[in-house]
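Asker: Sequence:
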Amino acid sequence: MDGASEFTTFWRIALPLAKPALVASTLICFAFSWNEFLFASVLANRDWKPYPMLVAGSDTVRGIDFGFVTTRMLIAVTVPVILSLMVQRFIVRGLTFGAVKG
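The number in the numbering used here is simply the position in the sequence shown, starting from 1, with 23 added.
Quick caveat, the hints were computed from the structure, so don't treat them as lab data. Note that CB positions come from ideal geometry on N, CA and C, so glycine has one too. Where hints are given, some of them may not hold.
Said to hold, decoys possible - Per label pair, the in silico range of CB-to-CB distance:
#: 1; residue 1: W34; residue 2: T94; range: 27 to 37 Å
#: 2; residue 1: T94; residue 2: K42; range: 34 to 44 Å
#: 3; residue 1: T83; residue 2: W34; range: 34 to 44 Å
#: 4; residue 1: W71; residue 2: A27; range: 22 to 32 Å
#: 5; residue 1: F60; residue 2: I36; range: 33 to 43 Å
#: 6; residue 1: D82; residue 2: L61; range: 13 to 23 Å
#: 7; residue 1: T83; residue 2: L106; range: 29 to 39 Å
#: 8; residue 1: I36; residue 2: V104; range: 25 to 35 Å
#: 9; residue 1: G90; residue 2: T31; range: 26 to 36 Å
#: 10; residue 1: V115; residue 2: A79; range: 48 to 58 Å
#: 11; residue 1: G80; residue 2: V115; range: 32 to 42 Å
#: 12; residue 1: S56; residue 2: R116; range: 16 to 26 Å
#: 13; residue 1: M109; residue 2: T32; range: 27 to 37 Å
#: 14; residue 1: G90; residue 2: W34; range: 45 to 55 Å
Let's have the full structure, built from the sequences with the hints guiding it.
Answerer: See the structure below:
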């Protein structure tokens with residue numbers, strides 16, 4: 024592209040080529056941080072806990088309300104599944120982009 028700046032070249036050429044890899048790595052990072060339990064139980068503030076910590080802390084003095092826990096876990100699983108179904112074509116392209124054809 025004659026006369027284009029470095030930013031324009033990056034924005035119009037490099038970024039569209041890297042979009043599948045960026046989407047796949049973003050989704051993988053989201054899934055790992057969504058399910059993080061160990062670091063959240065040790066390092067997180069009481070107000071900043073991921074969703075699995077909220078589910079784990081749902082026991083009461085009379086025991087565990089399994090219907091409540093099941094509902095929360097269904098919500099916890101639904102969000103990453105819907106997100107990955109929405110960006111499925113980018114995930115496949117992003118994960119296989121560096122594969123060697125033989």
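Asker: All hints are to be evaluated individually against the structure, with a verdict given for each.
Answerer: So, going through the hints one by one against the coordinates:
no.	hint	verdict
1	W34 - T94: 27 to 37 Å	violated (44 Å)
2	T94 - K42: 34 to 44 Å	holds (36 Å)
3	T83 - W34: 34 to 44 Å	violated (53 Å)
4	W71 - A27: 22 to 32 Å	violated (43 Å)
5	F60 - I36: 33 to 43 Å	holds (41 Å)
6	D82 - L61: 13 to 23 Å	holds (19 Å)
7	T83 - L106: 29 to 39 Å	holds (31 Å)
8	I36 - V104: 25 to 35 Å	holds (33 Å)
9	G90 - T31: 26 to 36 Å	violated (56 Å)
10	V115 - A79: 48 to 58 Å	violated (33 Å)
11	G80 - V115: 32 to 42 Å	holds (37 Å)
12	S56 - R116: 16 to 26 Å	holds (23 Å)
13	M109 - T32: 27 to 37 Å	holds (30 Å)
14	G90 - W34: 45 to 55 Å	holds (50 Å)
When each numbered hint is compared with the structure, violations occur for hints 1, 3, 4, 9, 10.
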